[in-house]
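Peer 1: Knowing the structure of chain W, use the given hints to seat chains Z and Y on it.
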Amino acid sequence: MQSFNPTAPARGVIEAGLVCEDLHRFLFRHLAARADLEPGSQQLLVGGVGSGKTTELLLGERWLREQGHALPLYIDISAETDLSSLNSGSLLASFGVHLGWSVLNDPALRPLVNEKTEKLKETYSKVTEYAYGKQVKRRVDPLENLGVVYGALQSHFVTEELPGKLKPVLARDIREIRQPLEEFLSVAREVNRDVVVIFDGLDRLLDPTKFLSVANQDLRLFRELKVSILATAPLSALFGAEVGQSISDHFDRVHHLSVIAADPRNGSLRSVLEKRRGSELLSEQDADSICHYSGGVLRDLISLARDAAEEAYVSDRDSITAADVEKVVHQLGTGYLRGLGPEAIKTLLNLESSKSFQVDQAANVELLLTRRVLEYSSTDFRVHPALLSVIPRTEPKRA
Amino acid sequence: MLDFESQPFVEIARRLEMRGGHGWIAVLSPPSSRALALDELQTELRSILQVPTRVVPLDTFTFEGLREALQQPNDDAVVLSAGAELTPEKWSRLDIMRSALERIGPVIFWLAPNDVANLTGSAPNIRSLIGASIFIAGPDGGIMTEEERRERLKELVQYFGLSNEEIVRRAESKELPPEPEFVEWLVLLGRGDLV
Amino acid sequence: MTLERARSRAETLDSGTQKEIGERMLAPPRVVFSEIRAYLYRRCEKMRTKNDPYDLLKLVPESNGVASIELGPTIDKGPTPEHLHFESGARLSFGLTLREVDRGSQLVAFRYHYQLPAKSSPEYLRFDLNEGPHPDSLVEPRGHLHPGLEDVRIPISLHDPFEILDRIFFVLEKRT
Numbered sequence: 123m124q125s126f127n128p129t130a131p132a133r134g135v136i137e138a139g140l141v142c143e144d145l146h147r148f149l150f151r152h153l154a155a156r157a158d159l160e161p162g163s164q165q166l167l168v169g170g171v172g173s174g175k176t177t178e179l180l181l182g183e184r185w186l187r188e189q190g191h192a193l194p195l196y197i198d199i200s201a202e203t204d205l206s207s208l209n210s211g212s213l214l215a216s217f218g219v220h221l222g223w224s225v226l227n228d229p230a231l232r233p234l235v236n237e238k239t240e241k242l243k244e245t246y247s248k249v250t251e252y253a254y255g256k257q258v259k260r261r262v263d264p265l266e267n268l269g270v271v272y273g274a275l276q277s278h279f280v281t282e283e284l285p286g287k288l289k290p291v292l293a294r295d296i297r298e299i300r301q302p303l304e305e306f307l308s309v310a311r312e313v314n315r316d317v318v319v320i321f322d323g324l325d326r327l328l329d330p331t332k333f334l335s336v337a338n339q340d341l342r343l344f345r346e347l348k349v350s351i352l353a354t355a356p357l358s359a360l361f362g363a364e365v366g367q368s369i370s371d372h373f374d375r376v377h378h379l380s381v382i383a384a385d386p387r388n389g390s391l392r393s394v395l396e397k398r399r400g401s402e403l404l405s406e407q408d409a410d411s412i413c414h415y416s417g418g419v420l421r422d423l424i425s426l427a428r429d430a431a432e433e434a435y436v437s438d439r440d441s442i443t444a445a446d447v448e449k450v451v452h453q454l455g456t457g458y459l460r461g462l463g464p465e466a467i468k469t470l471l472n473l474e475s476s477k478s479f480q481v482d483q484a485a486n487v488e489l490l491l492t493r494r495v496l497e498y499s500s501t502d503f504r505v506h507p508a509l510l511s512v513i514p515r516t517e518p519k520r521a
Numbered sequence: 459m460l461d462f463e464s465q466p467f468v469e470i471a472r473r474l475e476m477r478g479g480h481g482w483i484a485v486l487s488p489p490s491s492r493a494l495a496l497d498e499l500q501t502e503l504r505s506i507l508q509v510p511t512r513v514v515p516l517d518t519f520t521f522e523g524l525r526e527a528l529q530q531p532n533d534d535a536v537v538l539s540a541g542a543e544l545t546p547e548k549w550s551r552l553d554i555m556r557s558a559l560e561r562i563g564p565v566i567f568w569l570a571p572n573d574v575a576n577l578t579g580s581a582p583n584i585r586s587l588i589g590a591s592i593f594i595a596g597p598d599g600g601i602m603t604e605e606e607r608r609e610r611l612k613e614l615v616q617y618f619g620l621s622n623e624e625i626v627r628r629a630e631s632k633e634l635p636p637e638p639e640f641v642e643w644l645v646l647l648g649r650g651d652l653v
Numbered sequence: 016m017t018l019e020r021a022r023s024r025a026e027t028l029d030s031g032t033q034k035e036i037g038e039r040m041l042a043p044p045r046v047v048f049s050e051i052r053a054y055l056y057r058r059c060e061k062m063r064t065k066n067d068p069y070d071l072l073k074l075v076p077e078s079n080g081v082a083s084i085e086l087g088p089t090i091d092k093g094p095t096p097e098h099l100h101f102e103s104g105a106r107l108s109f110g111l112t113l114r115e116v117d118r119g120s121q122l123v124a125f126r127y128h129y130q131l132p133a134k135s136s137p138e139y140l141r142f143d144l145n146e147g148p149h150p151d152s153l154v155e156p157r158g159h160l161h162p163g164l165e166d167v168r169i170p171i172s173l174h175d176p177f178e179i180l181d182r183i184f185f186v187l188e189k190r191t
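Residue numbers (my numbering), protein chains in the order written: chain W, 123 to 521; chain Z, 459 to 653; chain Y, 16 to 191.
Bound-form chain W, shown alone (with noise of 0.2 Å):
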């Protein structure tokens, strides 16, 4: 059961082999491919939440060290830094942080390293103050004090925190970070070696406004620097308003991570689970019925196999029957159905009798984000199945 876990780290299940890598025709290699040959890049891999977005891109990092042309740096930077009050340089300043650590230890860059050991590390200093900020000691003149009553007729110090970008409260100037990631860029290339971010979790920033807000300036930069970049973007870049529309004519390319339907004919679903070991605890009706009811949703396969085999134990069976697999759609189902109101609930049983969505309109982009609609194309749009199982119908159901 241990391989079924849907909050397991995506890098440890890659290593342990869980991971099916053609589940998205090895759209990992197309990203990284395009990002190595082409410095400077940018693309987008937007995706609903539980697609598999993380997968793809450790995915795209594992290949371009294999590759060995490039260094990858894969950073989640929404674990970084508080998204919600991101600014301009954010970025930057994280890649700054990773870049130079990686530098600084990669084997095959030490000899250049030890030849301007102290440089390197002075500029990781600029670097890492940069991005946390630093402490300074700034001498007060007595004068500036007027008006104010103090004893001291002399100077004094006083102990300043400067915040840094990582801890963000003001803007500070993007060009500031230029010449110090020159320096480390500049050592990587004497290997050969280009430079691939691949920004995890700005997919997070739901509003589109603040992603563009943010990453604007910095991704000039990152252009300029010829530092390629992979990203991920949420479902909001693609559908719905203008905005979303800006973020995607800012990237050269711009990747849907679509969810996967679950045809037996494909049989893409199954062999998640099968790459799991799932016959052992599903039998086929069983894990057919749960590829159903996750929609194509990865991160709901994977949690609904475990869901169910837990229920299977703790009822103290040996296996799963179909009544375990009914009872935990029908917690997931409850789950997102809970704060629907009743258009929202008219929108979702209209969407599943007319296949009519509008995916303009704010309220079904927000259906989109909360997975309650889910997005097989451009044009597919479905109610998710575990979510049209406990949904109230006030008219019978049409055969």
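None of these hints come from the bench; they were simulated from the model. Watch out, some of these pointers could steer you wrong.
Ranges of calculated distance between the beta carbons of each label pair, as one might list FRET restraints [what the hints assert, rightly or not]: (1) Z:Gly478 <-> Y:Asp151: 51 to 59 Å; (2) Z:Ile562 <-> W:Gln339: 46 to 54 Å; (3) W:Thr516 <-> Z:Ala493: 34 to 42 Å; (4) W:Thr239 <-> Z:Ala575: 50 to 58 Å; (5) Z:Glu624 <-> W:Pro514: 56 to 64 Å; (6) W:Ser207 <-> Z:Pro510: 29 to 37 Å; (7) Z:Pro597 <-> W:Asp482: 46 to 54 Å; (8) Y:Asp151 <-> Z:Val626: 20 to 28 Å; (9) Y:Gln121 <-> W:Gly139: 37 to 45 Å; (10) Z:Pro571 <-> W:Ala138: 34 to 42 Å; (11) Y:Asn79 <-> Z:Ser491: 19 to 27 Å; (12) Z:Ser490 <-> Y:Ser103: 23 to 31 Å; (13) W:Gln124 <-> Z:Pro510: 21 to 29 Å.
Computed footprint of chain W on chain Z, listed as stretches where at least three residues anywhere in the stretch have a Cβ under 8 Å from a Cβ of chain W [said to hold, decoys possible]: (14) 461-468; (15) 473-479; (16) 555-562; (17) 581-595.
Which stretches of chain Y does chain Z cover? Using the computed rule of at least three CB atoms under 8 Å from a CB of chain Z, they are [stated by the list, open to error]: (18) 24-32; (19) 51-58; (20) 62-72; (21) 101-115; (22) 131-141.
All residues carry an ideal CB built from backbone N, CA and C; glycine is no exception.
Peer 2: Just chains Z and Y now, with coordinates in the frame of chain W:
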């Protein structure tokens, strides 16, 4: 209205144990005696998982503070306590920092009964990790029922040939033997004051 | 070596037990209940016989600050589904009474009745802690072991609830 499954805390802890002591679960607190229920949840988590358990309130979190709280240490059990004061905007901020919350030890969201709407609507990334693991805090099956209590009393009356009233009378006049069976008898009668 | 001296020593032993009870602080009754249940759950997982500690172990909640934790019948009159059954054929029933004190609890009394498999000698072992001293501490020490005989009580030192379970699961059961 459709509802989630009710599970006693011991079963919730067992589920986390089955998952190797990892994973994310949401527990919907009872409408009253929330603090007591939270205490009981912590007790079961500690007993079953054999790791320390902490409660981290979410009402006034900051990115740095919450990240540090969850990562240092990162292998104990953490209960993130959310109440009605957690607005959709705060849920959204929490969702954005989901990666910073990921850890080795289990994460248990302690939610007000009607908070699932906020979770699903404003924190889809967190909800995705929780999946179908949303449970209503259920009664602990370990508390002896009234019927079980009556059966035991009947057994004691039959075995010793003494009525419940006689036991109480003897306890009041300090004539009751000190054997453990008689102590339990008094507790079953709700007369712990005579012990 | 007179009877009076023997009684005096027995009373001293009982006083020592009383003192130890006062000094030994356990967790609150509900926490002890949870911990015993988790302990039994772990042990039962390793056993081939099917026992469900969640069904078997019961808490009689606090009445004037005194609570009891019970498993199986109060008096062992033969095997029942409420007993904890071992692979060896032995069975266990026990009761433990605790008094809430400050933020924890103290032992009031316990009984752990371990019925050995059929045709064993002795037939059973029962670890008892009485609620108070008996008028004749020599005959009935406060903490004692019945080695298969109701009228024989061998004094035992005070034990934590888990220590007795440890001896049953890891010593007695391994031996049978």
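Peer 1: Work down the list of hints and note, for each, if the structure agrees.
Peer 2: The hints, checked one at a time:
1. Z:Gly478 <-> Y:Asp151: 51 to 59 Å: holds, 55 Å
2. Z:Ile562 <-> W:Gln339: 46 to 54 Å: violated, 37 Å
3. W:Thr516 <-> Z:Ala493: 34 to 42 Å: holds, 40 Å
4. W:Thr239 <-> Z:Ala575: 50 to 58 Å: Because 56 Å falls inside the window, the suggested range holds.
5. Z:Glu624 <-> W:Pro514: 56 to 64 Å: Taking Cβ atoms as reference, Glu624 of chain Z and Pro514 of chain W lie about 59 Å apart, which means the hint holds.
6. W:Ser207 <-> Z:Pro510: 29 to 37 Å: Between Ser207 of chain W and Pro510 of chain Z, where Cβ atoms are some 32 Å apart, the hint holds.
7. Z:Pro597 <-> W:Asp482: 46 to 54 Å: Cβ of Pro597 of chain Z to Cβ of Asp482 of chain W: about 48 Å, so the range 46 to 54 Å holds.
8. Y:Asp151 <-> Z:Val626: 20 to 28 Å: holds, 25 Å
9. Y:Gln121 <-> W:Gly139: 37 to 45 Å: violated, 55 Å
10. Z:Pro571 <-> W:Ala138: 34 to 42 Å: For Ala138 of chain W against Pro571 of chain Z, whose Cβ atoms are near 38 Å apart, the range 34 to 42 Å holds.
11. Y:Asn79 <-> Z:Ser491: 19 to 27 Å: holds, 20 Å
12. Z:Ser490 <-> Y:Ser103: 23 to 31 Å: At roughly 47 Å between Cβ atoms, Ser103 of chain Y and Ser490 of chain Z fall outside 23 to 31 Å, so the hint is violated.
13. W:Gln124 <-> Z:Pro510: 21 to 29 Å: Since Gln124 of chain W and Pro510 of chain Z have Cβ atoms about 23 Å apart, the given range 21 to 29 Å holds.
14. 461-468: holds (count 3)
15. 473-479: holds (count 4)
16. 555-562: As far as the region 555-562 of chain Z goes, the hint holds, because 5 residues have Cβ atoms under 8 Å from chain W.
17. 581-595: Three-residue rule met by the region 581-595 of chain Z, so holds; n is 10.
18. 24-32: violated (count 0)
19. 51-58: Satisfied; 3 residues make the cut.
20. 62-72: The restraint on the region 62-72 of chain Y holds, since 3 of its residues have a Cβ under 8 Å from chain Z and three suffice.
21. 101-115: Per the Cβ count (3), the hint holds.
22. 131-141: violated (count 0)
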